[in-house]
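Trainee: These are the residues of each chain, in order.
There are 2 protein chains.
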Amino acid sequence: MRTYKLTYFNIVGLGGPIRFLLSYGGVEFEDIRIERSNWPEAKPKTPFGQVPTLEIDGKVYYQTLPICRYLAKQFNLLGKSDLDALEIDAAANTVHDLRKMVSLYFFEQDSAEKAKKKETLVTTTLPFYLKRLDDTVKKNGGYFHGGELSYADLFFAAVQHNIKGFMKNDVFEDYPNLKQLIDNVHALPRIAAWLAKSPKTDY
Amino acid sequence: MRTYKLTYFNIVGLGGPIRFLLSYGGVEFEDIRIERSNWPEAKPKTPFGQVPTLEIDGKVYYQTLPICRYLAKQFNLLGKSDLDALEIDAAANTVHDLRKMVSLYFFEQDSAEKAKKKETLVTTTLPFYLKRLDDTVKKNGGYFHGGELSYADLFFAAVQHNIKGFMKNDVFEDYPNLKQLIDNVHALPRIAAWLAKSPKTDY
Numbered sequence: 001m002r003t004y005k006l007t008y009f010n011i012v013g014l015g016g017p018i019r020f021l022l023s024y025g026g027v028e029f030e031d032i033r034i035e036r037s038n039w040p041e042a043k044p045k046t047p048f049g050q051v052p053t054l055e056i057d058g059k060v061y062y063q064t065l066p067i068c069r070y071l072a073k074q075f076n077l078l079g080k081s082d083l084d085a086l087e088i089d090a091a092a093n094t095v096h097d098l099r100k101m102v103s104l105y106f107f108e109q110d111s112a113e114k115a116k117k118k119e120t121l122v123t124t125t126l127p128f129y130l131k132r133l134d135d136t137v138k139k140n141g142g143y144f145h146g147g148e149l150s151y152a153d154l155f156f157a158a159v160q161h162n163i164k165g166f167m168k169n170d171v172f173e174d175y176p177n178l179k180q181l182i183d184n185v186h187a188l189p190r191i192a193a194w195l196a197k198s199p200k201t202d203y
Numbered sequence: 001m002r003t004y005k006l007t008y009f010n011i012v013g014l015g016g017p018i019r020f021l022l023s024y025g026g027v028e029f030e031d032i033r034i035e036r037s038n039w040p041e042a043k044p045k046t047p048f049g050q051v052p053t054l055e056i057d058g059k060v061y062y063q064t065l066p067i068c069r070y071l072a073k074q075f076n077l078l079g080k081s082d083l084d085a086l087e088i089d090a091a092a093n094t095v096h097d098l099r100k101m102v103s104l105y106f107f108e109q110d111s112a113e114k115a116k117k118k119e120t121l122v123t124t125t126l127p128f129y130l131k132r133l134d135d136t137v138k139k140n141g142g143y144f145h146g147g148e149l150s151y152a153d154l155f156f157a158a159v160q161h162n163i164k165g166f167m168k169n170d171v172f173e174d175y176p177n178l179k180q181l182i183d184n185v186h187a188l189p190r191i192a193a194w195l196a197k198s199p200k201t202d203y
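Chains A and B are the protein sequences, given in the same order.
Numbered per UniProt numbering, the first sequence spans residues 1 to 203.
Numbered per UniProt numbering, the second sequence spans residues 1 to 203.
No wet-lab data here; the hints were simulated from the structure.
Note that the structure is a prediction, hence the values are computed from the model and not measured.
It is possible that some hints are incorrect.
Part of the chain B face toward chain A, derived, beta carbon under 7 angstroms [stated by the list, open to error]:
id, residue
1, Thr46
2, Phe48
3, Tyr61
4, Gln63
5, Pro66
6, Tyr70
7, Lys73
8, Phe75
9, Asp82
10, Leu86
11, Ala90
12, Thr94
13, Arg132
14, Asp135
Pair by pair, the computed Cβ-Cβ distance ranges are [claimed, not checked]:
id, chain 1, residue 1, chain 2, residue 2, range
15, B, Asp183, A, Glu35, 43 to 51 angstroms
16, B, Asp84, A, Pro44, 22 to 30 angstroms
17, A, Asn76, B, Phe128, 48 to 56 angstroms
18, B, Gln180, A, Thr201, 41 to 49 angstroms
19, A, Glu113, B, Met1, 45 to 53 angstroms
20, B, Trp39, A, Lys116, 17 to 25 angstroms
21, A, Lys116, B, Met1, 46 to 54 angstroms
22, B, Asp97, A, Ile34, 17 to 25 angstroms
23, A, Ile34, B, Pro127, 21 to 29 angstroms
24, B, Asn169, A, Asn76, 41 to 49 angstroms
In this text, a Cβ means the ideal position worked out from N, Cα and C, and glycines have one as well.
Next comes chain A alone, as it looks inside the complex (with noise of 0.2 angstroms):
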């Protein structure tokens, strides 16, 4: 059998989605989390400076969307063909884009510089994205892709934990087809199940 570590920060951030993969694939994982505080010495130790990684049978994979894509490939995630996993791929992408903007607001030092970011997320950023992946969602019976769960799916669900908590907000909430797909991810069992027992985390 398998051996899978993942190693992170003790955030859903980047790591849920690898967390509700490996969840829904019904496999063993050890769930390290690092204390910000002991982040600077791990930093060097990852291969670029950058956690999630996941170590699987001893041998340390990183870069997050990849890893998620290899799960994927593994649990029956990807569509059923290579271009029915180009757009499962595309949308995986658009949200891990999305949290990326969100956190560059976030974790900005400058105030007014952030309160620019936060401006443009807010009036900008999030309506244009949000409307497109709601849309998305409906047209797709669902899901987004194909009237079948797919690991983007997963990928939005846990993600989108991440960047209500960056906002402080529910920016979700005008977003019906958004907000029953969340709902909908959590209810399989294998995945209510890890947030049952998970650690509960602001972000």
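Based on these hints, arrange chain B on the given structure of chain A.
Mentor: Using the frame of chain A, we list chain B on its own:
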């Protein structure tokens, strides 16, 4: 026969790797280049306000890395196993991240902020990434993974032009393994033929 229609700006940028992949695959494609002055009109017609997009048999696909990965699959540039593909994806995603950081500097409007971003890139980010990328290529026999050509190599050999252009400097000069990889990819017959006939641009 499939028809491919790429839409991007008239620069290498993120369109470059897709043009490299289509050329490497030996398929014909339409290479549509939007002028910056036409972008405000074209932007809302794209799926998420961004290019490149790739139309395949009349359907529009989006997101650079997913498009590259799809083409890589068609042209056998994804290694042998799913774990090979994970490492190849991680390398391509890392180069994509680095380009993004360089572009955030390049497009910064505030001059003080721009100077700060450049300082961080030159003293910290670029040396950190380029050393690790160079070591990866050295360790893998001249490629990013597994001693054989993958789409990560084509991705890098295209995008490096954009990074150099934005930095107005050959930032790869002191990294012999990266330089050699660029030369090797550019010497592939179909890539060389593409480079000979494609428009020359600064980025």
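Trainee: Does each hint hold? Answer for all of them.
Mentor: Structure-based check of each hint:
For threonine 46(B), the interface hint is violated, the least distance from its beta-carbon to any beta-carbon of chain A being 10 angstroms, above 7 angstroms. A least Cβ separation of about 6 angstroms between phenylalanine 48(B) and chain A falls short of the 7 angstroms threshold, and the interface hint therefore holds. Residue-level restraint check for tyrosine 61(B) holds (minimum Cβ-Cβ distance to chain A is 6 angstroms; threshold 7 angstroms). Taking 7 angstroms as the C-beta contact cut-off toward chain A, the hint placing glutamine 63(B) at the interface holds, the least distance being around 4 angstroms.
Hint on proline 66(B) holds. Least Cβ distance to chain A is approximately 3 angstroms, under the 7 angstroms limit. The restraint placing tyrosine 70(B) at the interface with chain A holds, with a minimum CB-CB distance near 4 angstroms, inside the 7 angstroms limit. Interface restraint check: lysine 73(B) against chain A, minimum CB-CB distance 5 angstroms, threshold 7 angstroms, status holds. Violation of the interface hint for phenylalanine 75(B) is found here, the shortest Cβ-Cβ separation to chain A being roughly 12 angstroms, above the 7 angstroms cut-off.
The beta carbon of aspartate 82(B) comes within 6 angstroms of a beta carbon in chain A, closer than 7 angstroms, and the hint placing it at the interface holds. A hinted interface residue such as leucine 86(B) counts as satisfied when its beta carbon comes closer than 7 angstroms to some beta carbon of chain A; here the least separation is about 4 angstroms, so the hint holds. With a least beta-carbon distance of about 4 angstroms to chain A, the hint placing alanine 90(B) at the interface is held under the 7 angstroms criterion. At its closest, the beta carbon of threonine 94(B) sits 6 angstroms from a beta carbon of chain A; the interface hint therefore holds under the 7 angstroms criterion.
Among the interface hints, the one on arginine 132(B) holds; its C-beta lies about 6 angstroms from the nearest C-beta in chain A, closer than the 7 angstroms criterion. The interface hint given for aspartate 135(B) is broken, as the beta carbon of that residue sits about 10 angstroms from the closest beta carbon of chain A, more than 7 angstroms. A hinted range of 43 to 51 angstroms for the beta carbons of aspartate 183(B) and glutamate 35(A) is consistent with their spacing of about 45 angstroms. For the hinted restraint 22 to 30 angstroms between aspartate 84(B) and proline 44(A), the CB-CB distance of approximately 26 angstroms keeps it satisfied.
The hinted window of 48 to 56 angstroms between asparagine 76(A) and phenylalanine 128(B) is violated, with their beta carbons roughly 37 angstroms apart. For glutamine 180(B) and threonine 201(A), the Cβ-Cβ distance of about 45 angstroms falls inside the hinted range of 41 to 49 angstroms, so the restraint holds. Between glutamate 113(A) and methionine 1(B) the CB atoms are about 50 angstroms apart, so this pair conforms to the stated range of 45 to 53 angstroms. Judged by the Cβ atoms, the range 17 to 25 angstroms given for tryptophan 39(B) and lysine 116(A) holds: they are separated by roughly 22 angstroms.
Evaluation of the 46 to 54 angstroms hint for lysine 116(A) and methionine 1(B) yields a pass: the beta carbon distance comes to about 49 angstroms. At about 20 angstroms, the beta-carbon gap between aspartate 97(B) and isoleucine 34(A) stays in the expected band of 17 to 25 angstroms. For the pair isoleucine 34(A) and proline 127(B), the beta carbons lie near 24 angstroms from each other, so the given range of 21 to 29 angstroms is met. Taking the beta carbon of each, asparagine 169(B) and asparagine 76(A) are about 46 angstroms apart, inside 41 to 49 angstroms as hinted.
Consistency with the previously given hints fails for numbers 1, 8, 14, 17, ordered from lowest to highest.
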